[in-house]
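A.B. asks: So you can see what is in the structure, the chains are spelled out below.
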Amino acid sequence: MNQLNRRNFLLRAGTGLSAAWVSANWPALLSAATHAHQAAKAVPPAKFEFFTSEEAVEIEAITARIIPTDETPGAREAGIVYFIDRGLVTFGTEDQKTYREGLPELHARVSEMFPSVAKFSGLEAEQQDEVLRSFDGGAPARRRAFRARPGAQNFFGTVRQHTIAGFLIDPDFGGNHDGVGWKVIGREREHMFQAPFGYYDKDYAGWQPTEKEADKK
Amino acid sequence: MMVDQPRYKTSDEVDFVIIGSGAAGGILAKELSTNGFRVVVLEQGPYLTEADFTHNEIEILALDKLTNHPKLQPNTFRKTPDEKAKPQRALVYGRCVGGTSVHFTANFWRFHEIDFIERSKTGLIPGTTFADWPITYAELEPYYTKVEWEIGVSGLADASPFDPPRSKPYPMPPLPVKSSGVIFERAARKLGWHPFPAPMAILSQPRPGRSACINCGFCLGFGCEVGAKSSSLATAIRMAEKTGRCEIRPNSYVHRIETDANGRAVGAAYFDAKRSTHLQKAKAVVVCANGAETPRLLLLSANKQFPNGLANSSGIVGKNLMFNSGGVVTGQFEHPLNDYKGYAVSRVLHDFYELDPQKVGFCGGGGLDARFDFTPISFAFGGLPPDTPRWGKDFKTTLAQNFNRTMEIFCHGTSLPVENNSFSLDPDLKDAWGLPALRLTYKDHPDDLKLGNWLFARANELFDAAGATKKWNFPAGEQQFGVHLLGTCRMGNDPKTSVINSDHRTHDVKNLFLCDGSSLVTSGRGQPTMTIEALAFRAADRITALAKRGEISG
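In the order they appear, the protein sequences are chains A and B. Residue numbering for the first sequence follows the working numbering, starting at 1 and increasing by one per position. Residue numbering for the second sequence follows the working numbering, starting at 1 and increasing by one per position.
Possibly wrong hints are sitting among the right ones.
Anything over 12 Å on all C-beta distances counts as not near chain A; from chain B, calculated [stated by the list, open to error]:
| no. | residue |
| --- | --- |
| 1 | R7 |
| 2 | T10 |
| 3 | E59 |
| 4 | S120 |
| 5 | G127 |
| 6 | D132 |
| 7 | E141 |
| 8 | K168 |
| 9 | E334 |
| 10 | P357 |
| 11 | P427 |
| 12 | K430 |
| 13 | K443 |
| 14 | G492 |
Here are the computed distance ranges between Cβ atoms for each label pair [claimed, not checked]:
| no. | chain 1 | residue 1 | chain 2 | residue 2 | range |
| --- | --- | --- | --- | --- | --- |
| 15 | B | D387 | A | D70 | 42 to 48 Å |
| 16 | B | A457 | A | K119 | 39 to 45 Å |
| 17 | B | K430 | A | K47 | 41 to 47 Å |
| 18 | B | G392 | A | P115 | 21 to 27 Å |
| 19 | B | R186 | A | E126 | 18 to 24 Å |
| 20 | B | H335 | A | E126 | 33 to 39 Å |
Hint data in this document are derived by calculation from the structure and do not stem from the laboratory. No residue lacks a Cβ here, since even glycine has one placed at the ideal position from N, Cα and C.
Just need the whole structure built from these sequences, with the hints factored in.
C.D. replies: What follows is the structure, encoded as C-alpha cells:
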C-alpha cells in the first residue's frame, strides 16, 4: 500500500503532464522507479520483531498519547508501534536498551501512581498523561534540535522522538502508514511538484524591477 | 561513470593528489585533469550516486548518511582558550563524494567588491585580525562567471541594484517563485527595499544527464535524486572522470601529509575502508578538505622539521575561524503557502550588504532570504513555535496548523576574524581511527552579534509588513556549532599573518596547495560556496601555470 504513491506519481507523470516536460525530466522518472522498487521492501512487518505483543500494547498506548487520534488520524492509525519495532532491529539498535529498561520503569511508575491498575494501557487517557508528564523533563524545542542532538536520552524522550519521526517520515520507509501523518499536516504524497505551489504565488505576475530608484548604490 | 576511471598505484607518483572531493576539490580535479595532469582524489566518505539519494529523513537527520558522524568523529567545544573543551558536536560537513555541495541549500551569491577590501575601508576593529584579500573582486569575476556557466546556476542578472559588476548573464532563468518568495517580495517593496530572485546552484532547465528541479521538497540536507542540484558530484566530478586521467578514490581518510628531507610534500597517507594505511605518492598535494579538516590535517602532519604542523610557521593554521552570523524568524500566514514544495530559497535582498559602521555602530553587513527549508520531521522537531507543547493534542494541532502555512526569513551576516576562534586538535579525545578529534574554540565578536540582531530586527519588520498572523524568533546568539567553516588557513601576501599566497600555495611548502573555505580572508555575507568554487577555478589556473613553468617540481 505504501508504495502505491510513487506508482501513482509515475502514472500521473505519464498522463497528467505534458510529454515534453516528462522527457525533460527523464532522470527523475528513472529515479522514481528505483524508489518504487525500494519501497516494496519497506512495508511494515506483520509481526513484532523486538517487542512482545504485551509490550507492543503498552508502547502503542504511549504513542497514542503523544499523537492522539481525534477528528484526524493519530499514532495508532499511522502504525507507529510497527515503525518503532522495526526501527529497533534496524537503524535504531542502540536504543534497544532504552526500551528494555524503560518498560519496567513505566510499569513501576504506573503501580506507584495508580496502585489499582496493572498496566499503562489500562489507565484512562488523563491518567496516562499524568504518568507521561512525570517522565517528561525535556527542554523546550530549539531550532534543528533533532539534528544537533541526535539520539534521545531517556525512555519517554526516545518514544516521543520515534513516534513523531514515524508519523511524519516518507511512507516509503516503514512509518506513516498510508500517509496519514502527511494528511494531518497537509503535505501531498507526491514527490514532484510544479508551480504554482501555494495561495500567495498563484496570482504572481512575474518579477519586475522596481522603479529606477534602483541606482541608489 | 566510475568504470571509466584510471586506477593509479599508490607507488605511482601522480601529478596531483587532491584531498577532498567537495566544492573546491571537485573543481580542482576537473580543471587539473582537463589540463592534462594525472590526478588522484582521496575522499574520506563513500561514493554515493543519485540512486542512493532517497527521502528517508531518518537516514539524514539521525544516521548522518551524507555527513560527518558524531560517534566516529566526535568533537569538543569551548568558548575561550583558557577553558577545558567538553565533548559536543561542533560542526556538520558533507562526508561523501561531492562533499557538502551534495546536501547544501545551494544559495549562490557572489561576494561583492566590499568583501575583499573591507578592512581598508573600515579601519582596524579591536579584537580582530581583520585583513584585506590579496586579490580583488575584479580578479575573481571571470571565475564567478565560469562557475555559473560550468556547473549551472539559475538567476537573473542585474535584478539587484546592489549586485557587483558581471561579465555575463546567468546561463538559465531563476527557478519558479514560491509563496514565501512572493510574501517576502511584496513586503520588502512596501518597506522600500529591493528583493530579487535568488541565485541558486539548482537547474531551472535540464542539462545533459541532469534534470531540471522537480520541486520534490527534500532539498537542504538531502542529495538530489535527479542531479538538479549543482553539486560537485553532479558536475565537476563527472567531468573529471571523463578526462580519463582522474581517479576518485572514496573511503580514503587522509591522516597525514608526508614530507621529505627537503621539506617538500611527497604524498598523502590515508586509511582505506578496512583501516589499512597507504601512501599515495604525488608531485604536489592539494588539500580541499574544508575549513575544519584542512587545518586539522596540517596539524596532524607535524614532524621534526615542522613541529607546529605543516605550513604553520605563522602559527595561525586553524585560527581566525568565521562561521557567519545571523538569526532566523519564522512567520505564519492565513492561507497555505505549501512551501514544502520545491527548493529552499526563492527571494533574497541585499539592501543591507554594506552598512555604514558610523551609523549602525558595528562593522559588517548581510542579506536576508525567504525560505522554507524544513522537511516534515525536521519541522516537527525544530520549526514549531517555542511555546508549543512537546506532545499531545495541542502539539498535533499546532503541527497541523503550521506545516504548510509558515516560512522563514534567514539573516546572513559577516563574522569578523578573531584569532582565538579556531579548530585545533583536542589533547584528549580521539576519533574512531585513534586520531585527535577536532576541538572548536569560538566566541562571536561583539560586532557580529550586534549585526545579527540588527538584521533580525529587519526580518521582523518584514514579517510585520507582510501581515504575518504569528511570528516566532530564533535570535542571533553566541555560536557553538558551525557549517560555514571559513578563514582557518587564510590567503595573504605576508607569511607571518597568512598560510597561503594568492596562488593558494602554502608559504612554507612549495608543492603544497590549499583551497576551500579555509582560504577565505573574510566571511562574506553568509553564502561562501560560490566564492570557494570561484577560488577553485582560479587556483587551478594558477597551479597549472606554475606546473607548466616547472615551478612546482623544479
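A.B. asks: Could you run down the list of hints and mark each one as holding or not?
C.D. replies: Now for the hints, and whether the structure bears them out:
| no. | hint | verdict |
| --- | --- | --- |
| 1 | R7 | holds (28 Å) |
| 2 | T10 | holds (35 Å) |
| 3 | E59 | violated (8 Å) |
| 4 | S120 | holds (19 Å) |
| 5 | G127 | holds (27 Å) |
| 6 | D132 | holds (21 Å) |
| 7 | E141 | holds (17 Å) |
| 8 | K168 | holds (19 Å) |
| 9 | E334 | violated (8 Å) |
| 10 | P357 | holds (18 Å) |
| 11 | P427 | holds (24 Å) |
| 12 | K430 | holds (20 Å) |
| 13 | K443 | holds (18 Å) |
| 14 | G492 | holds (29 Å) |
| 15 | D387/B to D70/A: 42 to 48 Å | violated (21 Å) |
| 16 | A457/B to K119/A: 39 to 45 Å | violated (53 Å) |
| 17 | K430/B to K47/A: 41 to 47 Å | holds (42 Å) |
| 18 | G392/B to P115/A: 21 to 27 Å | holds (25 Å) |
| 19 | R186/B to E126/A: 18 to 24 Å | violated (46 Å) |
| 20 | H335/B to E126/A: 33 to 39 Å | holds (36 Å) |
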